[in-house]
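Asks: Chain residues, written in single-letter form:
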Amino acid sequence: MTMPNFSYVRPKSLKETFSHLSAGNARIHAGGTDLLGCLRDGVFTAEKVVSISQLDELKRVERLKDGSIRIGALATVAELTNHELVKEGYPALAQAALEVASPQLRNQGTIGGNLCQKPRCWYYRGEFHCTRKGGTRCFAMAGENQYHCILGGRGCYIVHPSDIAPALVAYGASVEIAGAGETRKIPVEKLFVLPEQGITKETILEPGEVLTAVLLPPAEEGFHSSYRKVRARGSWDFALAGVALALHFHEGRVAGARIVLSGAAPIPWRCPDSEKIITGQSLDDDIIARAAAAAMRQARPMQHNEYKIELFKGLIAEELAAYKRS
Amino acid sequence: MDALAEGIGMDPVELRLKNIPAVSQARTGNPPYTSTGFRQCLTDGAKSFGWREVRSAIASSNKDRNWRKGVGMAGGMWVVGGGGPPATIIVKLFADGSVSLNMGASDIGTGTRTVMALVVSEELGVKPDLIDIDNADTATTQYATPSGGSKTVPTESPAVRAAAIHVKQQLLAMAAEELKEKPASLTMKGGTILSLADPSKKIKVTDVAGLKKQGLIVGIGYRGPNPANRAINPFAAQFCEVEVNIKTGEVRILRFLSANDSGRVMNRLTFDSQVIGGITMGIGLAMTEARILDRNQTGKIVSGNWHDYKIPTAMDVPADIVSVPIDSPDNEANTTGAKGLGEPVTIPTAAAVANAVYNATGLRLTSTPISPLVLRRALAAMEKGTSKQG
Numbered sequence: 001m002t003m004p005n006f007s008y009v010r011p012k013s014l015k016e017t018f019s020h021l022s023a024g025n026a027r028i029h030a031g032g033t034d035l036l037g038c039l040r041d042g043v044f045t046a047e048k049v050v051s052i053s054q055l056d057e058l059k060r061v062e063r064l065k066d067g068s069i070r071i072g073a074l075a076t077v078a079e080l081t082n083h084e085l086v087k088e089g090y091p092a093l094a095q096a097a098l099e100v101a102s103p104q105l106r107n108q109g110t111i112g113g114n115l116c117q118k119p120r121c122w123y124y125r126g127e128f129h130c131t132r133k134g135g136t137r138c139f140a141m142a143g144e145n146q147y148h149c150i151l152g153g154r155g156c157y158i159v160h161p162s163d164i165a166p167a168l169v170a171y172g173a174s175v176e177i178a179g180a181g182e183t184r185k186i187p188v189e190k191l192f193v194l195p196e197q198g199i200t201k202e203t204i205l206e207p208g209e210v211l212t213a214v215l216l217p218p219a220e221e222g223f224h225s226s227y228r229k230v231r232a233r234g235s236w237d238f239a240l241a242g243v244a245l246a247l248h249f250h251e252g253r254v255a256g257a258r259i260v261l262s263g264a265a266p267i268p269w270r271c272p273d274s275e276k277i278i279t280g281q282s283l284d285d286d287i288i289a290r291a292a293a294a295a296m297r298q299a300r301p302m303q304h305n306e307y308k309i310e311l312f313k314g315l316i317a318e319e320l321a322a323y324k325r326s
Numbered sequence: 001m002d003a004l005a006e007g008i009g010m011d012p013v014e015l016r017l018k019n020i021p022a023v024s025q026a027r028t029g030n031p032p033y034t035s036t037g038f039r040q041c042l043t044d045g046a047k048s049f050g051w052r053e054v055r056s057a058i059a060s061s062n063k064d065r066n067w068r069k070g071v072g073m074a075g076g077m078w079v080v081g082g083g084g085p086p087a088t089i090i091v092k093l094f095a096d097g098s099v100s101l102n103m104g105a106s107d108i109g110t111g112t113r114t115v116m117a118l119v120v121s122e123e124l125g126v127k128p129d130l131i132d133i134d135n136a137d138t139a140t141t142q143y144a145t146p147s148g149g150s151k152t153v154p155t156e157s158p159a160v161r162a163a164a165i166h167v168k169q170q171l172l173a174m175a176a177e178e179l180k181e182k183p184a185s186l187t188m189k190g191g192t193i194l195s196l197a198d199p200s201k202k203i204k205v206t207d208v209a210g211l212k213k214q215g216l217i218v219g220i221g222y223r224g225p226n227p228a229n230r231a232i233n234p235f236a237a238q239f240c241e242v243e244v245n246i247k248t249g250e251v252r253i254l255r256f257l258s259a260n261d262s263g264r265v266m267n268r269l270t271f272d273s274q275v276i277g278g279i280t281m282g283i284g285l286a287m288t289e290a291r292i293l294d295r296n297q298t299g300k301i302v303s304g305n306w307h308d309y310k311i312p313t314a315m316d317v318p319a320d321i322v323s324v325p326i327d328s329p330d331n332e333a334n335t336t337g338a339k340g341l342g343e344p345v346t347i348p349t350a351a352a353v354a355n356a357v358y359n360a361t362g363l364r365l366t367s368t369p370i371s372p373l374v375l376r377r378a379l380a381a382m383e384k385g386t387s388k389q390g
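Those protein sequence lines, which keep their order, are chains P and Y.
Numbering of the first sequence is given in this note's numbering, commencing with residue 1 and proceeding in unit increments.
Numbering of the second sequence is given in this note's numbering, commencing with residue 1 and proceeding in unit increments.
Each hint should be verified, as a subset may be incorrect.
Which stretches of chain P does chain Y cover? Using the computed rule of at least three CB atoms under 8 Å from a CB of chain Y, they are [what the hints assert, rightly or not]:
#1 112-124
#2 127-140
#3 233-247
Label pairs and their calculated CB-CB ranges [to be verified]:
#4 Y/K300 x P/G155: 18 to 26 Å
#5 P/N107 x Y/R364: 56 to 64 Å
#6 Y/G191 x P/L36: 34 to 42 Å
#7 Y/D64 x P/K65: 16 to 24 Å
#8 Y/Y309 x P/R300: 27 to 35 Å
#9 P/G37 x Y/T28: 20 to 28 Å
#10 Y/G148 x P/L36: 33 to 41 Å
#11 P/R137 x Y/H307: 38 to 46 Å
Hints were generated in silico from the structure; no laboratory data involved.
Backbone N, C-alpha and C fix where the C-beta goes; we use that ideal spot for every residue, glycine too.
Isolated chain Y, as found in the complex (with noise of 0.2 Å):
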């Protein structure tokens, strides 16, 4: 794409804001997508790194000089992440105001305990630390799908919403009646059940008595099915600032931006803590992970360690990350309008690296680890084209 938008003279922001398709080209029947951000990640991440302002003034800053500066930025979408059945959730309300969230799914790093407390807190209005969650035990949970394929927010949240339904119609139902109202007409709001027309009519959930003598309101959510002939893919746009040697080959990463569009974004810590994962990563692949078999003897793996299998360390990651969010619910995807968000992080990373690394130094890597030997041999090669013309 980098070397499509330079052969045209054209940006490559730009290259991509006059491609961006409305429908999955690769899917038969080319089914639209439910939604796409791309082109707010496009515009959005491009302003806030400052692209246009960085890219004319980097030029000259690389006379004379060993280390050169360059940006690049890449443009990603991940192939799933729209999530989909089964999923299975148990959401109790006590007579205290408390409730239990049961979840088969597992919460692996990434938040998703959070969040499904927020969708329990947002339909419920029970603040999310009268919320307990028991989840990812076979003998107390329901059976659920592995967290991978950055999919358990959009599969889970939704049968969370559903469970939560589940009960708030049961608890309507039981205050309808004391407060001799439909219950289409009652709302709830922050622990309290109301009339939608007459607010001065109300009841605190605790004082429902239907509940306090059941003890309990169980409520059971299913995750539906996606809608069909729809394809839901989460979109994103990175960009990047690095700094080459061109005597060793060494880079450095001065600072990353990924703008994303996951739909809605259900929580901005965990959010911007899976974009931070992600550029890791996504860092990892660009430069320093590779696996070497021993391939013209034993066939044997030799970077079978974690000291020669290098991931990144915090060394190799910069401190200036920053995560542009592009909060737009996909409301025809699921009911919390959430996709997936993890690996489409990673998806741009190493390619935005490469692009910055041909603009500091007019090579064109297409290939990782992108390691000071990758690189030094390119610029021996280059070299020796050079003064052959020459």
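In isolation and in its complexed conformation, chain P is listed as follows (with noise of 0.2 Å):
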């Protein structure tokens, strides 16, 4: 496949951007490791490039007066896994952006990027019109659906397909989106749509909108945090199913729960259930395996993707027993 031809600009500011992003059918190029392979591959079209990447102020990862932590949307994949103030306070982050792509892809992917990617379903990639590019059919329904949602669908059936994403709902972060108008602030557990929502859209951003900083809380004292990914391959590659852990102990017992999975369906999924489960409990091998069936009683696996309701069980059991006596 050949690039199609298109402008490509460099703004200076936000507020140039958001002119550039006002005219027809522009898109935004951060890191481009997705971007340009959906161009490639021509899953959608962009008259006008707008690459974001001499915004200096979306780079920095610092903390706040308040001890929250906010990374510019430009800070690299890389940087997470090994910047201290993440490392540090934020470990499931660290890990998720480990699990991404490739060192190269990581080198150059950023975090607002890694939020804002396209789904992987091999049909929307492909040479199928299906409902998410705007056609009247899922082919994943009836077709090769093995690696598709269990949870979540509806007319389509994607997975969403960011590690980074489950750990920042996790930890409760927020991102910031800036237009033209006003900038809002909104939970990164609220970015993401449902297909029953909006089935050709993956974000609640508007056009012209730049999701331009996460937000992470302060870390408090007596949290824990992991996420751990099952793949196909050691590299490049997207979850089969991953989990992230967010968990407050308090004298020995759960005081506080979010559980998040990842490959599981087309948003990063929250299992509420799971977590009322576990919460005021100490963690024992019965609670575990209830709080990870309770995790898939929701589930709805189609012809080839019912493994992924065992292996979510096995892989929150597993996770949770490493905090058995914490």
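Join the two chains, each given in its own frame, into one complex according to the hints.
Replies: Next comes the structure, spelled out in structure tokens:
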């Protein structure tokens, strides 16, 4: 496939960026690791590619006065894997970043781009005019759906491709979204869109808006987190199943919990029933098994992806078991 | 083979050792092999791997863990690998003692050029760095068959040797005149020609008047036919240790060992490189690679890119790969004693992995790739079966 023609601009300010984005079919270029592939494969088109690579204010990673961490949207995935502020307070985020793609792609890809990336469904990426591309049919429903979602699908059965997003949801992180008008702050949990809410989009970003930063709440005492990913290949592969855990312990019991799955649903998938089951409890085999089973209670597998149910149960149980007696 | 061995309560290495054929059972007339180092592949491989010890120790290490260890082995032979005509090589020896080797065959990263230089060096006593190689150029080199079928070394190297011998014959004839000896009573050693009977009678190659006068000697070598009514095949035995997560279906390959009989080991570095590369490709077959069609709808391929068609990465291949070369020149096969290496390495790899997974889990998988998806399905089927019985 060849790269289609487009015009290319590198604005020097956000204001200038917004004016470029307001002109017709424009796309934001940050690391470009996903955008260029999509353009080359004809997943979508762009008349104008707006590079935000000169916006240095989007590159900072800093601790704010209230103890929270602000990560500029252009911070690379590689930076997240080894930044002191991230490694110390938010290990699940560092672990998730390390599970992303390959070293080259982590050096180039950004946290903002990772959150806004397009799904990896092979029908969406391939020469199939599917519902997400404006067609009338989801080819995964009766097709090769071994890697597709078991939760949250309707009319489209993608899984959300990000490893970083589930970790951010587990931390209760937010994103800053800037546009020509006012800048808004949205929990990462509310950033993503289920197919039933809008089958052709993945995030709530409106045309002309830019995701400018990720905000992590201050890390607290007694707080433990982790991310683990099961994949078909050791590098450069998306999750078959993944789980981000963020647990508060108080006197040996779970005082608060977030369990968020990757590879399960079209968005990072929280498991509120499982969280309820473990909250207030000290983790033992019985509680863990119940929590793992509850996470899959709503699962609706298709012909080829039923294996994911037991895979997720095993994965969640194994990850929770690491916190027994901690 | 593994199931057969288990069925009769025999070690799978032992079963293979008891069944090594001296003749090809698949070919008409059952021709004998020119050589089979399969026995040595099995015994040397098992010994280096610590097969018996590891196998008996591993079962007890698996109690109460999600990650279960297992070991497996498999044997293999490659259907071709003997090479054969045509191949035409031109070797030129210049008056300054340097050599030019002209060859049609390509070096696709396998070390062909290195191996051919070593053959010339061995025959003419010239240092490899004095040998200039011109190859795989349709304007300046001879017709050659493609580099495939693990045949480049056994096809080309005998022709290289023949061309070098052709040069040597002419050179020794010139030197014989000067030393007043018969060509047959002369030998070459490190750039010097000397009498076998009286080593004090000698002359440096660069001092041979005939060569100086002529400026160069041209030798041509052709690949002769393979021996009639013989089968020429490389053999291999491989051993591996894996770890399988019985909850998630993940497999980690902890180490691999490959013992290969490919006749003479022409060069250890490139030999080992072929072994490591072959195991890597074999792991791709075993674990990650699958061509997937949209079979119920459009018939189009859905895994038609390098993300969805998953070749293994450095993270899928163990750091601990051991090559055990069985260095046994096959002098009946050809004049360099080499058989093919490359594809033969990939033959037993997936089977060894599958047998190790069986050893770890009790799951007998007979198709590839052995991915978490496939293993998770198999585990579910086994769990179901167990609960029914219980």
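Asks: Of the hints stated earlier, which fail here?
Replies: Of the numbered hints, 5, 6, 7, 9, 11 do not hold.
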